[in-house]
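Engineer: Sequence:
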Amino acid sequence: MDAVFAGDLRTWFAGLKLGYYLYLEVSIVAPHRLLYMSPSMSWQVVYANY
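Adding 8 to a residue's 1-based position in the sequence shown gives its number in this note's numbering.
Keep in mind that the hints were calculated from the coordinates and are not lab data.
Remember, it's a predicted structure, so these values are computed and weren't measured experimentally.
Treat the hints with care, as some may be off.
To be verified - Label pairs and their computed distance ranges (CB to CB):
| id | residue 1 | residue 2 | range |
| --- | --- | --- | --- |
| 1 | Arg41 | Val12 | 39 to 45 Å |
| 2 | Val12 | His40 | 38 to 44 Å |
| 3 | Ala14 | Ser35 | 39 to 45 Å |
Using N, Cα and C, we set each Cβ at its ideal position, and we do this for glycine too.
Build the full structure now, drawing on both the sequences and the hints.
Structural biologist: Here it is in structure tokens:
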């Protein structure tokens, strides 16, 4: 029973880590990719935010 529980916990942590990396990808990396793809629009977004 303990081994099964430990396996579930490990799977849950792996899923949590994967979700965290996906969140970082979406929140940090993707906007930067958009900025690199469209320089003129990115400056408008930057100025709009400040």
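Engineer: Does each hint fit the structure? Answer for all of them.
Structural biologist: Evaluation of the provided hints:
Between arginine 41 and valine 12 the C-beta distance comes to about 41 Å, which sits within the given range of 39 to 45 Å. Between valine 12 and histidine 40 the C-beta distance comes to about 42 Å, which sits within the given range of 38 to 44 Å. Checked against the hint of 39 to 45 Å, the pair alanine 14 and serine 35 fails, with Cβ atoms roughly 31 Å apart.
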